[in-house]
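> Spelled out, the chains give:
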Amino acid sequence: MSTDPFDSLRESNPAPENRLPEPPMAMAERIMTADSRPSRGRAWPGWAVATAAAVAVLVVGGVWMVWLGPGSNNVAVEPTTSTSEITTTTRTITTVALDRDQQIAALLADEGEILQAIADLEATVAAMEVELAGAEGDELAALESHFEEASERHVEALQRLARITAELEALGVETSIGPATEVALPPSNSGVVYFLVDPVNGAGDPTLIPVERPFGLLSGPVDDTVRTTLEFLLAGPAPGESDGVPTISSAIPAGVSVDDITVSDGVATISLSSGFDGAPRAAVAQVVFTATRFGDIEAVRLESGGSAVSGEPLERDHFEDALPWILIESPTHWGQGENPLMVEGSANVFEATVSLALTDNEGLILWEGFTTATCGTGCRGDWSVTIPYDVDEPQMGSIIAWEESARDGSQTNLREHPIWLMPAPRSAEWQVIERMETESTGTADLQIYVPDVLGPEPMARGVREVIGTVVQEARAAFQSEEAITEAPAGDRKHRFSLGYRVLWQSNTHLVLEFSEYYEMAGAVHGFVDRYVVNLDLTTGTAIDVTDAFTEDGLIAFAGAVSWRAQDELGLVEVGCCDGDPTDHTAILPGGLLVTLDMLDGLPSAMGYFDLLFEWEEIDGLLDPVGPAAAVREQTPPCSAHGLTVKPADDGLPDAVAATRNRILDAATRCDWDAIAGIAGTDIAYTFGEPSDPIEYWQLLEARGGRPLYHLVELLNLPYAPIDGFDATYYVWPTAFSYDGWEAVPEADREMLVGLYPDLSEFEDFGGYFGWRTGITGDGGWNFFLEGD
Amino acid sequence: MTAPTRPSAGDTAKQRFRALFARHYPAIFGYAARRVGHDDAPDTTAEVFTVAWRRISSVPSEPETLQWLYGVARRIVANQQRARRRRDRLDAKVVGLGVTHSPPPAEPVLEALHRLSDDDKEILRLAAWEGLDPADLGSSLGCSPTTATVRLHRARKRLAAALEDLDGGPR
Chain W
1 MSTDPFDSLR ESNPAPENRL PEPPMAMAER IMTADSRPSR GRAWPGWAVA TAAAVAVLVV
61 GGVWMVWLGP GSNNVAVEPT TSTSEITTTT RTITTVALDR DQQIAALLAD EGEILQAIAD
121 LEATVAAMEV ELAGAEGDEL AALESHFEEA SERHVEALQR LARITAELEA LGVETSIGPA
181 TEVALPPSNS GVVYFLVDPV NGAGDPTLIP VERPFGLLSG PVDDTVRTTL EFLLAGPAPG
241 ESDGVPTISS AIPAGVSVDD ITVSDGVATI SLSSGFDGAP RAAVAQVVFT ATRFGDIEAV
301 RLESGGSAVS GEPLERDHFE DALPWILIES PTHWGQGENP LMVEGSANVF EATVSLALTD
361 NEGLILWEGF TTATCGTGCR GDWSVTIPYD VDEPQMGSII AWEESARDGS QTNLREHPIW
421 LMPAPRSAEW QVIERMETES TGTADLQIYV PDVLGPEPMA RGVREVIGTV VQEARAAFQS
481 EEAITEAPAG DRKHRFSLGY RVLWQSNTHL VLEFSEYYEM AGAVHGFVDR YVVNLDLTTG
541 TAIDVTDAFT EDGLIAFAGA VSWRAQDELG LVEVGCCDGD PTDHTAILPG GLLVTLDMLD
601 GLPSAMGYFD LLFEWEEIDG LLDPVGPAAA VREQTPPCSA HGLTVKPADD GLPDAVAATR
661 NRILDAATRC DWDAIAGIAG TDIAYTFGEP SDPIEYWQLL EARGGRPLYH LVELLNLPYA
721 PIDGFDATYY VWPTAFSYDG WEAVPEADRE MLVGLYPDLS EFEDFGGYFG WRTGITGDGG
781 WNFFLEGD
Chain H
789 MTAPTRPSAG DTAKQRFRAL FARHYPAIFG YAARRVGHDD APDTTAEVFT VAWRRISSVP
849 SEPETLQWLY GVARRIVANQ QRARRRRDRL DAKVVGLGVT HSPPPAEPVL EALHRLSDDD
909 KEILRLAAWE GLDPADLGSS LGCSPTTATV RLHRARKRLA AALEDLDGGP R
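So the protein lines, in turn, are chains W and H. No gaps in the numbering here: position 193 of the first sequence is 193 in my numbering, and each next residue is one more. No gaps in the numbering here: position 133 of the second sequence is 921 in my numbering, and each next residue is one more.
Each hint should be verified, as a subset may be incorrect.
As the list claims (entries may be wrong) - Label-pair distances were calculated between CB atoms; the ranges are:
| no. | chain 1 | residue 1 | chain 2 | residue 2 | range |
| --- | --- | --- | --- | --- | --- |
| 1 | H | ARG863 | W | ARG10 | 23 to 29 Å |
| 2 | H | ASP921 | W | LEU364 | 36 to 42 Å |
| 3 | W | HIS641 | H | ARG806 | 19 to 25 Å |
| 4 | W | PRO721 | H | GLU850 | 39 to 45 Å |
| 5 | H | ASP921 | W | ASP650 | 48 to 54 Å |
| 6 | H | ASP828 | W | LEU364 | 55 to 61 Å |
| 7 | W | GLU746 | H | ASP827 | 52 to 58 Å |
| 8 | W | GLY378 | H | HIS826 | 48 to 54 Å |
| 9 | W | PRO647 | H | GLU850 | 46 to 52 Å |
| 10 | H | ASP828 | W | GLU22 | 18 to 24 Å |
| 11 | H | GLN803 | W | GLY777 | 54 to 60 Å |
| 12 | H | GLN803 | W | GLU746 | 29 to 35 Å |
| 13 | H | ARG806 | W | ASP650 | 54 to 60 Å |
Hints in this document: simulated from the structure, not taken from any laboratory. Note that beta-carbon positions come from the ideal geometry of N, C-alpha and C, so glycine has one too.
All chains, please: the whole structure from these sequences, using the hints.
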């Protein structure tokens with residue numbers, strides 16, 4: 001189907017505008033007569049408050065941390081628990097006759113419906129609770145009866161669900177915890193041992209932690225990896241580990257040795273020397289976890305000095321008390337992370353939700369997201385997540401995992417693993433840029449991969465909102481409707497994880513990547529969403545969100561890439577697409593052509609963007625000194641060229657008038673050096689990160705901002721003196737000197753029309769925030785800037 | 789920015805109500821007709837304006853009035869649909885049959901819409917049929933324009949996916 005379904009939907013409007021009735025005014029009179037006394041007003045209905053975002057976001061030095069708030073988790077405990085039990089179980093359908101199949105199908109369908117009803121009711125009850133809080137009098141009584149009714153139906157629905165579950169079980173549809181994922185086999189060139197680590201905040205007993213031991217440390221070849229690994233375990237932590245922070249320790253007494261190991265039917269019989277007699281329970285846990293890390297060992301029969309330590313073979317399940325709430329199994333403590341990083345572990349946390357972040361050696365967050373374990377809120381489940389990241393050089397980083405407090409959303413049960421991060425291949429764009437510097441013509445075809453920090457605050461706010469909404473939506477969808485309505489009956493998503501990162505950033509656009517993974521009926525499904533977000537810089541509002549994998553998104557993305565290329569290559573002007581919606585090509589000056597296309601040419605959600613650079617004869621634009629130096633030699637555009645200069649107003653002090661005239665002279669001659677001389681280094685020119693006023697204005701000129709035009713036309717207007725506490729400032733335009741927009745007289749407003757045809761934005765804002773400039777009484781040029 | 793007007797005299801309230809009724813009746817009727825059908829639309833519309841009259845002092849002034857009315861209409865329609873579903877289930881129980889669902893609409897895009905969640909349905913209809921822009925969607929749904937933009941985007945994707953399922957599915 002080629003047409004957009006949304007357009008089809010528009011055309012299917014059952015009550016189009018032109019077929020609507022005239023207002024029956026008699027009805028208005030009847031309404032007023034029937035209910036003659038309007039009630040006392042309330043500000044805004046409570047349901048509006050109920051939708052307030054539960055996502056708190058903190059910006060730390062341009063880096064993002066998202067805490068997922070408790071959201072809907074704090075509704076009644078009972079329904080939440082039962083829903084999560086259902087979504088985290090596996091249904092195994094055993095041998096059943098045909099008619100049973102039908103019965104089961106019907107029951108599963110009913111179950112889906114009732115789960116949907118429960119989710120609806122929970123939402124209704126939660127919304128009502130909010131509304132009840134703000135109600136009074138008759139309204140309160142009416143709401144209370146509705147609330148009771150909804151609560152009753154909720155209980156009924158839960159009872160019906162219990163009956164359906166019982167019937168399903170009677171038909172042989174078993175409810176059981178999903179099978180544990182096999183822990184990855186340790187690579188043959190190293191073994192993993194389990195030591196004990198002190199908890200992060202110092203409270204509680206030490207818990208198990210996996211630590212890697214490379215066999216390369218040994219002089220000879222390793223024949224028996226199990227024995228060698230156990231010997232590493234018995235040797236205890238290395239000096240750097242035992243006196244580091246946090247402290248790594250072992251509960252196994254010193255001097256214990258391995259007498260014998262045999263493995264049969266998944267059970268390893270390990271005989272240790274008599275020194276192990278009387279070792280604490282944590283020591284036994286260390287041995288069991290170390291041995292069962294091997295895929296072919298499920299349980300351990302442990303002997304010490306020839307006598308059995310326990311009656312029956314010991315499994316991992318017996319040692320829940322020795323585990324942290326969140327255990328990161330892979331990568332190991334100080335292990336080397338692959339790129340992308342696959343993180344696996346187990347957890348016993350509220351609602352099975354494990355929050356994770358990956359940080360680099362400076363503690364900056366490279367990735368953040370969450371995942372769900374196969375079981376939670378009272379039972380231990382497995383989890384895994386794949387984290388994409390990019391670093392410039394090998395470096396230390398950390399995986400941080402925590403449980404979000406069900407009470408206040410704070411981080412609890414924090415677990416941190418130092419790991420080594422490995423760089424992905426060097427930024428492909430820079431490789432191309434380097435080639436451009438040495439080769440006069442060429443082409444390069446590359447995939448884009450550039451994580452970045454975020455930009456100025458309004459943009460950051462918009463992004464925060466986009467991210468918050470997507471995260472909330474994805475999570476809510478997993479927890480309620482999609483898990484129930486979209487999955488085929490009997491298939492439940494067992495795990496879910498979502499992460500995001502900023503792929504691209506320009507002055508107006510961002511490309512955000514969201515990766516969602518979920519496991520359903522044992523199979524892992526994953527998809528990547530990329531959104532091109534077009535932001536209004538002044539307000540931080542998303543003007544448009546486009547799917548990066550569509551035609552529209554491609555064009556928006558081409559625009560974003562072009563802006564980026566402009567920044568990084570120092571190019572002066574960038575065009576994109578020339579208004580042709582089918583053209584994904586941005587033609588840059590100097591013969592550089594950027595073509596964007598999907599790698600497989602198909603608009604599918606699993607595609608990757610392909611960036612094709614073609615260049616030739618780019619003399620003067622890119623020289624060996626570097627792209628930034630090249631652009632300096634270009635003549636920057638100048639919007640003040642040839643503008644008429646009016647004489648200074650009478651009454652302007654001589655020193656001020658002299659500076660004014662020098663500025664006008666320099667600007668209309670486009671003499672940047674002269675402008676720089678007058679501006680000096682102390683002039684205020686931006687509310688952002690200061691660099692150099694001339695560079696800043698040139699950049700604005702290059703982007704069509706026309707600061708010099710505004711400068712000349714402002715100084716041609718009448719001035720207004722403002723008394724500062726240490727000096728008198730002579731400012732242009734006069735509108736800037738008033739306290740608020742309402743105070744600006746009509747005549748002063750009209751002066752601005754040449755510069756700002758639409759003055760309504762100042763009215764909305766309540767003050768003038770356009771370009772303005774000021775000179776102090778002694779002739780110093782004090783400021784020239786715009787914005788709030 | 790625009791504070792709710794709080795008329796003190798009853799006559800002012802009446803004038804205000806008449807004005808907003810005359811101005812917005814067609815739009816609210818359209819909203820109701822698109823969701824509950826033309827037969828039930830007059831009743832639903834009357835109910836919306838009854839609420840507006842009872843709360844005339846908290847109805848925001850223009851240009852936010854219509855969004856407020858849409859919000860009221862949305863909750864009234866949702867209540868009616870919940871009540872209807874409950875009635876259907878009760879009827880079905882009495883007759884001893886499974887719950888019957890109303891037949892899905894014939895047009896593919898409407899059938900696809902029918903399969904989406906209530907939230908998705910609503911934001912799509914508000915955008916496609918009522919023609920609301922992100923700011924209006926936001927104030928009608930009680931969220932920010934950005935959130936509304938993202939939600940609409942996701943809902944559109946799900947609509948396309950649902951339609952594709954219909955096209956590709958056994959028919």
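> None of the hints should be skipped; say for each whether it holds.
So, going through the hints one by one against the coordinates:
no.: 1; hint: ARG863/H x ARG10/W: 23 to 29 Å; verdict: holds, 25 Å
no.: 2; hint: ASP921/H x LEU364/W: 36 to 42 Å; verdict: holds, 37 Å
no.: 3; hint: HIS641/W x ARG806/H: 19 to 25 Å; verdict: violated, 60 Å
no.: 4; hint: PRO721/W x GLU850/H: 39 to 45 Å; verdict: holds, 41 Å
no.: 5; hint: ASP921/H x ASP650/W: 48 to 54 Å; verdict: holds, 50 Å
no.: 6; hint: ASP828/H x LEU364/W: 55 to 61 Å; verdict: holds, 57 Å
no.: 7; hint: GLU746/W x ASP827/H: 52 to 58 Å; verdict: holds, 55 Å
no.: 8; hint: GLY378/W x HIS826/H: 48 to 54 Å; verdict: holds, 53 Å
no.: 9; hint: PRO647/W x GLU850/H: 46 to 52 Å; verdict: holds, 48 Å
no.: 10; hint: ASP828/H x GLU22/W: 18 to 24 Å; verdict: holds, 19 Å
no.: 11; hint: GLN803/H x GLY777/W: 54 to 60 Å; verdict: holds, 57 Å
no.: 12; hint: GLN803/H x GLU746/W: 29 to 35 Å; verdict: holds, 32 Å
no.: 13; hint: ARG806/H x ASP650/W: 54 to 60 Å; verdict: holds, 59 Å
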